[in-house]
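> Residue numbers (the working numbering), protein chains in the order written: chain A, 13 to 122; chain B, 272 to 384.
Bear in mind the hints are in silico, worked out from the structure with no lab data behind them.
Here the structure is a predicted model, which is why all the values come from computation and not from measurement.
Among the clues, some could well be false.
DEER-style ranges, computed between Cβ atoms [what the hints assert, rightly or not]:
no.	chain 1	residue 1	chain 2	residue 2	range
1	A	Gln57	B	Met286	30 to 38 Å
2	B	Glu285	A	Glu27	16 to 24 Å
3	A	Gln93	B	Glu315	24 to 32 Å
4	B	Glu285	A	Gly53	37 to 45 Å
5	B	Glu315	A	Thr81	27 to 35 Å
6	A	Glu51	B	Glu333	25 to 33 Å
Calculated lysine-lysine pairs in the BS3-like style (CA-CA distance at most 25 Å, straight line) [unchecked claim]:
no.	chain 1	residue 1	chain 2	residue 2
7	A	Lys83	A	Lys68
8	B	Lys349	B	Lys295
9	A	Lys80	A	Lys68
10	B	Lys349	B	Lys339
11	A	Lys54	B	Lys349
12	A	Lys54	B	Lys295
Backbone N, C-alpha and C define an ideal beta-carbon position, used for all residues, glycine too.
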Amino acid sequence: GESVGLHLPTLSVQEGDNSIINCAYSNSASDYFIWYKQESGKGPQFIIDIRSNMDKRQGQRVTVLLNKTVKHLSLQIAATQPGDSAVYFCAEIHGNQFYFGTGTSLTVIP
Amino acid sequence: DAGVIQSPRHEVTEMGQEVTLRCKPISGHDYLFWYRQTMMRGLELLIYFNNNVPIDDSGMPEDRFSAKMPNASFSTLKIQPSEPRDSAVYFCASSLDRGVGYTFGSGTRLTVV
């Protein structure tokens with residue numbers, strides 16, 4: 013029979029463009045958030061984190077924005093490169109409870 | 272730091288056999304997590320330990336699965352007997368308190384035939 017799996021949101025961007033990946037979280041009490049990148053055949057890798065007392069945090073080519081009012085998190089990747097192609101997960105942490113989103117698949121078109 | 276180390280990277284076994292997956296967390300991390308990842312369900316938390324003590328095993332699918340952490344530097348996830356539906360990638364992760372330094376291993380790809 014036909015297999016049914018998770019239908020990940022997908023995003024395709026042209027190389028050099030900026031990418032924005034969104035995540036809605038569920039627990040207003042979550043106080044720590046992490047973005048992970050998972051390439052095919054590898055484990056999730058830490059990209060950037062943000063605490064709930066911040067609205068924005070910047071890293072190298074990446075920026076995370078946190079909107080607590082609407083419980084929304086976004087990851088912005090500047091000047092997207094082919095090596096950025098991967099599945100991106102957000103994680104929300106409340107105490108020692110971790111919740112991962114299903115992920116967004118990013119494809120960079122050369 | 273070598274990160275979280277898992278072994279083996281790949282495991283192929285026959286249905287009914289016992290499978291043992293191993294994990295070495297990052298030194299100093301006192302939380303250890305076992306996850307299973309499949310196309311059907313994504314990333315699922317199976318169990319986590321704090322200071323070598325199992326805290327929440329509600330994600331363990333059934334009695335065929337068991338996990339131990341005999342010391343701060345080693346944990347095992349055992350499946351006995353294994354079934355084809357257990358085929359997945361199993362990840363171990365470790366962290367400090369409240370998710371600080373949360374790091375995944377490279378995973379073990381398990382295939383049960």
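> Each hint should be assessed against the structure and marked as holding or not.
For each hint, the structure was consulted:
In this structure the hint that Gln57(A) and Met286(B) lie 30 to 38 Å apart at CB holds, the actual value being about 33 Å. Our hint of 16 to 24 Å for Glu285(B) and Glu27(A) is violated, since their Cβ atoms are close to 45 Å apart. Roughly 31 Å separates the CB atoms of Gln93(A) and Glu315(B), a value that falls within the hinted 24 to 32 Å. The beta-carbon spacing between Glu285(B) and Gly53(A), approximately 24 Å, falls outside the hinted interval of 37 to 45 Å.
Taken as a hint, the range 27 to 35 Å holds for the pair Glu315(B) and Thr81(A), whose Cβ atoms sit roughly 30 Å apart. In this structure the hint that Glu51(A) and Glu333(B) lie 25 to 33 Å apart at CB holds, the actual value being about 31 Å. Between Lys83(A) and Lys68(A) the CA atoms are separated by roughly 14 Å; this keeps the pair inside 25 Å, and the hint holds. At most 25 Å may separate the alpha-carbon atoms for a hinted pair to count; Lys349(B) and Lys295(B) meet this at roughly 15 Å.
At most 25 Å may separate the alpha-carbon atoms for a hinted pair to count; Lys80(A) and Lys68(A) meet this at roughly 11 Å. Taken as a hint, the Lys349(B) and Lys339(B) pair is honoured in the structure, with Cα atoms around 8 Å apart against an allowance of 25 Å. Our distance criterion of 25 Å between C-alpha atoms is met by Lys54(A) and Lys349(B), whose separation comes to about 22 Å. With a C-alpha separation of about 17 Å, the suggested pairing of Lys54(A) with Lys295(B) holds against the 25 Å cut-off.
Violation of the numbered hints given earlier is confined to hints 2, 4; the remaining hints are satisfied by the structure.
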